[in-house]
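Trainee: Residues per chain are reported as follows:
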Amino acid sequence: MMEVFRDWVGHRHEYATEWKRRSGGRLMGYFCTYAPEELIYAAGILPVRVLGGHEPQAVTEPHIFGMFCPFCRDCLAQGLLGKYNYLDGIMIAQSCLHLRQAFASWRMHVPISYDYYLPMPHGVQSRHAYKYLTAELQAFQKSLEEWTGQPIKEDALDYAIELYNTNRRLLRQIFELRRLKHPPLSGLDAMYLALSAQMVDKAEHNVMLEELLQRLRAEGASARAGNGNSRIRLMLIGSENDDTTFVKMVEDLGADIVIDEHCTGTRYFWNEVEPQPDRLAAIAARYIDRPPCPSKDWPERRRVPHIMTLAQDYGVQGAVLIQQKFCDPHEFDMPAIADALKKEGIPSYNLEFDVTLPMGQFKIRMEAFLEMLRGEELF
Amino acid sequence: MAPKNGHYPTEPLKCWNKAKEIRQKYYENFATAHERGGLRWGGGAWAFDAIVAGLGEEMRLMTTEPYSASVAFNKELSAKCLEAAEAKGYARDLCSYVRNYIGSILIDKYAFGGPFPHLDFIFQEQLCCSQAKWYQVVSELEGGIPMFCIDLSVGPYHQLNESRLQYLVDQMHDGIEWLQKTTGRPFDDEKMIEAVHNECRSTSTWAEICCLNKAVPAPLDEKSMHSFYVLATLDKARKEVADFYEELRDEVKDRVARGIAGVASERCRVITDTQPPWGFLHLYRYLETYGCVSVGSLYVFGLEGNFEVKEDGTWGPRATPQQKGIVLKDRDHALRVYADWNLSRPQWQHFYNPQLKTDMMTRIAKEWKLDGVILHYNRGCEGLTVGIAENRLGLIKEGIPVMTYEGNMADEREFDEPRARSRVDSFMESLGLERLTTMAHA
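Taken in sequence, the protein lines are chains A and B.
Just so we're aligned, residue 37 is where the first sequence starts under the working numbering, counting upward by one.
Just so we're aligned, residue 2 is where the second sequence starts under the working numbering, counting upward by one.
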């Protein structure tokens, strides 16, 4: 059954093209998970997250200075290489500076009929951010309506909100099964679930998640008990990470990745839209109150306590702090996260990610980290 | 390009020493604020210092970026600061201003002598991703000092609407309440309004000075301008700075009238874009060996200077509220005018779209009569290099010769001076220039 989710991720472009053919709908590429997908979906458009290809490329060199993060360059490369030619539009909800460049260069150099920059507030801890973002969503709604020539009705918004909330709820329910001593699904499979949610129609995704949840519950804790008792429970923390090869390598070394704190993982779906009479205000509140990206996590640190709660709830024994090379917001947070984990007796290990990873070297480093963790278990 | 003759008269600037004195006094006043019953606060060069001025004269600010540039200028101190920050766990590719500043706290050394003068509170803004995070760390290193931060990221000025402006104004109102509660001091709207006027006067007059550099020969060169623009980055809302700029403007006007050049050998004019590598400003002197003068930069013009398009279609200083006869009648009105004024800063626009920076630099190239543009691929600053590669492409498309070099404004370990000079040599050759054999320097 996991094959379906893996296939969606592995053949994301084929899925999108096929979706467009059979639905006749439009496709919108988005660059950051602060994009209000419910609103886009209510306009009859399928939001599709733009992700990198993890292959060496040189097409972005003239467009993005090499000191910006590999993820933003990899995303832009996909556009320049024509991998997302099926998109009808692109949008960004104001993200970090890095990813904004991918969006900016894409709209300058890749032919596209619609683009939109939504100035999502960075000051999400300000009480005024709710009103401000609601007004921005109103403007975005108007823009979408002008583009499609169709009004976005309240019942469409209600449907989209419920559909997305269901998806989030199902993902959380499945992820919560990973609290078990023997998690019924691997970290790699969990990554496929979260990633596919960002590129597949939620109506289809929910059906499969529901089925998977029932199956996992039925199988219970015995599903992967054969994996043994000595597997180390790891948490992945940090920047965007959709590197399935890395996750597989780590788990092959005898670890279970039991939870993550990535925008490609739990940060994407952790909280729901709480219903309000004003639908856009409700959507705005969801994105303002979600587990924050470090670029929006100030002045108070809200990310660190969230991470610590996850670590405690999921029985984490060690954490891998993953950072896209050159990502300043994450680089600011890393020392504070490492300190907080250390205070709770959870060792952590930093890794800097690029478009492709030096897998041999990373394997040795992860082996050493896991060996250290196992050593601690002995004493 | 045919070399132009360029043997112009030049003379030292009369205001030079006064600018140095204001700067020196600024850092002394910050260090000694407590002795006069004042408080020390931290914020960036774009902090809303006119708001804090409502708490009184002795609220002394130390702006982070200029301070960090001062640390970078002192290579020995900078090396210690950078290493201290990195040893604490901050990545080597993190903003180099941040690492110099954090390091200065960690090793407890003030660039102007003595131990680091610790902050009482923080009143910062966020536009670049590093600004609020920077002070989040500073707050923690300083033992958890209180911090307030205003989010500015409401899109470019030409798309400003009521909701976006109100978001800023609402945060500013909250900021005033926070300042009173945090410091326990009363807030005086009149003092804030006076400071808003000062800031508008400072930043408009600085823009006027930059526009005087459209003259041939340019009365100022970029390297000298660094010593003047910095006052706006330090204390733009203070009367002393606004008055100084008017004095400087009058002197520069006089230089233009008399044909006094910043660099006598001017025969080729360029600008740069972002911060230079502060420890290697003699790169500008190397340019001069070719008779090439950098007459400014988008950074030195637009980081603090405020411009607007005039009736004839050219860039000029933005008219201040006073010049327009606008009376700031109360707190809310002052904050609205202040927010609007700041949101039009040239250097804030490209955060949303690189084309806006390309357009501004193209305008400057035409109006300031440039022969080329030098772009600093600055590894030390994400904010001001964002979109720089697209700027290069855009300027080339406009037919403007472009040179790029890679460096770091405040981490000398990432600047290869011989390579940068070599690039200058090639660029000058492409512009048809040979070195002036009579120049003794560089």
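Each hint should be verified, as a subset may be incorrect.
[To be verified] Not the full set, but computed from the structure, chain A residues with beta-carbon under 7 Å of chain B:
id	residue
1	P157
2	W183
3	W334
[Claimed, not checked] Label pairs and their computed distance ranges (CB to CB):
id	chain 1	residue 1	chain 2	residue 2	range
4	A	G118	B	E418	53 to 63 Å
5	B	R186	A	D375	48 to 58 Å
6	B	G57	A	K119	31 to 41 Å
Hints in this document: simulated from the structure, not taken from any laboratory.
Using N, Cα and C, we set each Cβ at its ideal position, and we do this for glycine too.
Trainee: Look at each hint and say if it fits the structure.
Mentor: Hint by hint, here is what the structure shows:
Interface hint status for P157 (chain A): upheld, as the beta-carbon distance to the closest one in chain B is roughly 6 Å, under 7 Å. Interface restraint check: W183 (chain A) against chain B, minimum CB-CB distance 18 Å, threshold 7 Å, status violated. The closest approach between the C-beta of W334 (chain A) and any C-beta of chain B is roughly 4 Å, which is under the 7 Å cut-off, so the hint is satisfied. For G118 (chain A) and E418 (chain B), the hinted distance range of 53 to 63 Å is not satisfied, since their beta carbons lie about 41 Å from each other.
Against the hinted window of 48 to 58 Å, the Cβ-Cβ separation of R186 (chain B) and D375 (chain A) comes to about 34 Å, which falls outside the hint. The supplied range of 31 to 41 Å is broken by G57 (chain B) and K119 (chain A), whose beta-carbon atoms lie about 59 Å from each other.
The structure does not agree with the numbered hints 2, 4, 5, 6 stated previously, though it agrees with the rest.
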